[in-house]
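Protein chains in written order, with our numbering: chain H, 919 to 1182; chain Y, 919 to 1182; chain R, 919 to 1182; chain Z, 919 to 1182.
Among the clues, some could well be false.
Remember, identical chains collapse to one label, so a pair may be satisfied in a single copy or spanning two.
[Unchecked claim] Lysine to aspartate or glutamate pairs mimicking EDC-like chemistry, simulated, CA-CA at most 16 Å apart:
1. 1119 x 921
2. 954 x 993
3. 953 x 1095
4. 926 x 1016
5. 1031 x 981
6. 1147 x 1051
7. 1029 x 981
8. 1023 x 981
9. 1099 x 1009
10. 1024 x 981
11. 1150 x 1102
12. 1048 x 1146
13. 953 x 1016
14. 1147 x 927
15. 953 x 981
16. 1114 x 921
17. 972 x 921
18. 1114 x 981
19. 1004 x 1102
20. 972 x 1007
21. 1147 x 993
22. 1004 x 949
Quick caveat, the hints were computed from the structure, so don't treat them as lab data.
Okay, here's what each chain looks like letter by letter:
Protein chains: 4
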Amino acid sequence: MQDKQSEKDIRGVRIDRVGVKGLRHPIIVRDLAHKKQNTVATIAMAVDLPHHFKGTHMSRFIEVLNRHGRIVHVENIPDILLEMRKRLEAEYAHIHIEFPYFIEKKAPVTKSKGVLDYSASFTAHAYDSKNIDFVLGVTSSVTTLCPCSKAISMRGAHNQRGSVNIQTRSSKTIWIEEIIKVAEASASCELYSLLKRGDEKFVTEHAYDNPVFVEDLVRNVAVRLRKDKRMKWYRVEAENFESIHNHNAFAIVESAPWPARKSR
Amino acid sequence: MQDKQSEKDIRGVRIDRVGVKGLRHPIIVRDLAHKKQNTVATIAMAVDLPHHFKGTHMSRFIEVLNRHGRIVHVENIPDILLEMRKRLEAEYAHIHIEFPYFIEKKAPVTKSKGVLDYSASFTAHAYDSKNIDFVLGVTSSVTTLCPCSKAISMRGAHNQRGSVNIQTRSSKTIWIEEIIKVAEASASCELYSLLKRGDEKFVTEHAYDNPVFVEDLVRNVAVRLRKDKRMKWYRVEAENFESIHNHNAFAIVESAPWPARKSR
Amino acid sequence: MQDKQSEKDIRGVRIDRVGVKGLRHPIIVRDLAHKKQNTVATIAMAVDLPHHFKGTHMSRFIEVLNRHGRIVHVENIPDILLEMRKRLEAEYAHIHIEFPYFIEKKAPVTKSKGVLDYSASFTAHAYDSKNIDFVLGVTSSVTTLCPCSKAISMRGAHNQRGSVNIQTRSSKTIWIEEIIKVAEASASCELYSLLKRGDEKFVTEHAYDNPVFVEDLVRNVAVRLRKDKRMKWYRVEAENFESIHNHNAFAIVESAPWPARKSR
Amino acid sequence: MQDKQSEKDIRGVRIDRVGVKGLRHPIIVRDLAHKKQNTVATIAMAVDLPHHFKGTHMSRFIEVLNRHGRIVHVENIPDILLEMRKRLEAEYAHIHIEFPYFIEKKAPVTKSKGVLDYSASFTAHAYDSKNIDFVLGVTSSVTTLCPCSKAISMRGAHNQRGSVNIQTRSSKTIWIEEIIKVAEASASCELYSLLKRGDEKFVTEHAYDNPVFVEDLVRNVAVRLRKDKRMKWYRVEAENFESIHNHNAFAIVESAPWPARKSR
């Protein structure tokens, strides 16, 4: 049977990334409280393609992903990348895995238990057989209460749900739970799925006592991250779903531009 | 050339609706302040199909839509429906048009001008050549401040952006602007795109002085709508993007189930 | 502490549905091949509210959901509904659970294994302590190849990814896997995550040999469902992401309007 | 009234970008066929913030946007950026405007007219009062037919809707229409909103005669763009909504990494 993909290409255009995306797959992630957590990922996988090949072999991405069984264990990411390089005869390999992540929390006063959802991601690049660049991303929802609104108003202060995305590169493993704590401690208040009346009084007053602009939120995160010796790079983006506007406020801080190798 | 669509079908299954959806198109809508407003719609069009025909002729939906020029004028909806019935040899014809809609507003204190966006929709059904059922839908974003949080807390009260969708059938034309006023008057405060400090103080205090649950919001809308003699039917759905949770609160009130004819 | 929700309301507006939505939660679903499957759901829960109460107690929805542990087992849906009625002092209770669902499939020729994703939903209503209305929904992606394009063209035929949503009420339990089989057998070809060259030849020719309009797709499903004695009601909606247009074609067949009680 | 934003900040964290996003606004764009086109944009605006200021003044973004009237004319983008720098006392200013864009097309055989939608974007950065970096982005939907499927199959070939996003920096103005032509000429066939039977035969056979992998699509675009003397930089990303899988194939080519100044 003809192998169109392996035919010669004469246009002289190297492809930076070619692969699959939007692939939903069950995965198992390491979890600080329960050792492992079952969840569902959306996955992208890609390699580079030299200018002289017509196409890549897309089915091999799926084969590499499935090699370790029906459920992907994220500890296998380095192996997956190295197998991609080998099976697809590529120099560069890339994987991006996004998934909801759940933590059980106790309400601040009544200690009622509830499960709260976050979004996490693993983004990894292999440039050769040894060097893997790994980025952990975590998005946490929080409460933000406006310092200006509080300062100028006789009563009340507008507040809203906000979202904090933190991307990190580190010298040692960092838990998703650690990043979540940084995000939640940097906001006016953290969120809960279950709050009884005593808890609602607490979170209302706690947010009122800790107003933050979206600028304060990203700075509070940055201050915490730069104290952490394991941290090599971070990028923090916060967004407030303003309760007084129909648009959002946002802010971004990056530790320093990452000296990324050109993805070939 | 073969006409597959017109072939006989023997499965004995009448099709309730068949057509096109996800069609983006420029439209012109009537506007209370500027006479007309240019915007961009997402359109669905459908007809029924008797059990003995294999298929409908999809290109005719687009021909009917284009008949009146490059831009669709919404006053032509009844004509469009009747042409669909005729051109597609159908008894039942249906169109749904959704679009962003803009209103210029003045800030409450400084009177600074800004443009605020809403979403509106026209949903129309023709069951025969005379009877057209027309539903106007408007989604407005608003502020909601929690009455419970205010009552039990020593200071502050959680508030958030909420969304109110109002669907109406009426005996006389109702303006999109009228429905928006009903939604905004029923919430803790309306939204603005531009607020200077004096305005922000006003909206903060106004929301604090007018707390509403999501239940209050739909009831306030219902009370206003049932006083309006033009109103034949309404359905109100409100959703709060809770600032203390990562899930939303919602409520629905319908005036009474609409005696809809089966769409054949 | 004040209980605002329990205060009297004098507006005289009964609320049809009030509750929470957009709640992400880990769940366990029954799975034909592996007995159970871990996945992640988006959940809505609601009750009715008599006209004389100001508000419902939103935290109780979460308490009911959490009662059976950190992960929701879908077998508990009837219990969850009855507890909602009791704890929230409501006549009507409603839950909607949507989640991705995975099946391992073998490629048609090489028998290579891969995991394919679907979307499923459980929608349940309790009107009193005995009668629970349960709707199973399954969305499957498929290939559709256009019969008209094939008939009129000298070579080739346009085809595309399509989506089939099937909602059913049945007298006995139906497996998600059974509904998926009906959807896939009704299309031009089913989808796979992993196809080697021999498989790709097979699915290309199989689709070419089995052209279906979006109308054929919903009818093929309807014909299969009405032969199933367990089936009490169904609604089928198919949508083709047309490869020759930037809009979609769709069709809907409903067995007969369901005699739904007013959601009281 | 207190000006919280202007207070001193001692955390020592410069903010790379702070501003508003998700702002919907009516705009007018230059159009090759009709001189100007009314459409609806989603806008983000941001500036940098030195480490010693607590916050930026969000309302000023909206004031700058509104300065030129109720509808934004995109020719004013350089002025808008320079005003942002001035009013917000910033060194760096950024704006991103995304909008649907419409072109009237004639069907290839019957010459029937229809309107087709694209998505376009303007992304601009001002680093000082003179240097404005401007990126034009255009996303076009197209047909792609698989060369491998065609080569190995006895009849037919799988095809699907694909999407091509082209980002460019150029030394002279480039029309949105020019970029669309490049994208459409690089695919198996272009899309139309209205196709009669004779047209459908043409597009089916034309796609079958011009198979392209997603790799071919980005390379065909790159070959065309690098011949254009006005072009200083480009990035092309194509995505195929595979008709035989439930995931997508994608490819990316960038002319060369852009020597972006750190956004300060």
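Comparing the hints with the structure gives:
Taking the shortest Cα distances, residue 1119 and residue 921 sit within 16 Å of each other only across copies (12 Å), while inside one copy they are farther apart (67 Å). Proximity of residue 954 to residue 993 under the C-alpha cut-off of 16 Å is restricted to the intra-copy arrangement: shortest distance 11 Å within a copy versus 24 Å between copies. Taking the shortest Cα distances, residue 953 and residue 1095 sit within 16 Å of each other inside one copy (12 Å), while across copies they are farther apart (31 Å). Taking identical chains as interchangeable, the C-alpha atoms of residue 926 and residue 1016 are never at most 16 Å apart, the minima being 35 Å within one chain and 38 Å between chains.
In the homo-oligomer, the alpha carbons of residue 1031 and residue 981 lie at most 16 Å apart only across protomers (9 Å), although the nearest pairing inside one protomer, at 41 Å, exceeds that limit. Taking identical chains as interchangeable, the C-alpha atoms of residue 1147 and residue 1051 are never at most 16 Å apart, the minima being 18 Å within one chain and 36 Å between chains. Within a single copy, residue 1029 and residue 981 get their C-alpha atoms only as close as 46 Å, which misses the 16 Å cut-off; across copies the closest is 13 Å, which meets it. In the homo-oligomer, the alpha carbons of residue 1023 and residue 981 lie at most 16 Å apart only across protomers (13 Å), although the nearest pairing inside one protomer, at 38 Å, exceeds that limit.
Proximity of residue 1099 and residue 1009 under a CA criterion of 16 Å is satisfied in neither setting, with 37 Å inside one chain copy and 33 Å between copies. In this homomeric assembly, residue 1024 and residue 981 come within 16 Å of each other (Cα to Cα) only across copies, at 12 Å, whereas the closest approach inside a single copy is 42 Å. For a Cα distance limit of 16 Å, the shortest separation of residue 1150 from residue 1102 qualifies neither inside one copy, at 21 Å, nor across copies, at 43 Å. For the homomeric pair residue 1048 and residue 1146, neither the shortest alpha-carbon distance inside one copy (26 Å) nor that between copies (40 Å) is at most 16 Å.
In the homo-oligomer, the alpha carbons of residue 953 and residue 1016 never lie at most 16 Å apart, since the shortest distance is 19 Å inside one protomer and 26 Å across protomers. Proximity of residue 1147 and residue 927 under a CA criterion of 16 Å is satisfied in neither setting, with 48 Å inside one chain copy and 24 Å between copies. Proximity of residue 953 and residue 981 under a CA criterion of 16 Å is satisfied in neither setting, with 27 Å inside one chain copy and 25 Å between copies. When the C-alpha separation of residue 1114 and residue 921 is checked against a cutoff of 16 Å, the pair qualifies only between copies, where the shortest distance is 11 Å, while the shortest distance within a copy is 64 Å.
Taking the shortest Cα distances, residue 972 and residue 921 sit within 16 Å of each other inside one copy (10 Å), while across copies they are farther apart (39 Å). In this homomeric assembly, residue 1114 and residue 981 come within 16 Å of each other (Cα to Cα) only across copies, at 10 Å, whereas the closest approach inside a single copy is 49 Å. For the homomeric pair residue 1004 and residue 1102, neither the shortest alpha-carbon distance inside one copy (41 Å) nor that between copies (35 Å) is at most 16 Å. Proximity of residue 972 and residue 1007 under a CA criterion of 16 Å is satisfied intra-copy only: 13 Å inside one chain copy versus 49 Å between copies.
For a Cα distance limit of 16 Å, the shortest separation of residue 1147 from residue 993 qualifies neither inside one copy, at 23 Å, nor across copies, at 47 Å. In the homo-oligomer, the alpha carbons of residue 1004 and residue 949 never lie at most 16 Å apart, since the shortest distance is 30 Å inside one protomer and 35 Å across protomers.
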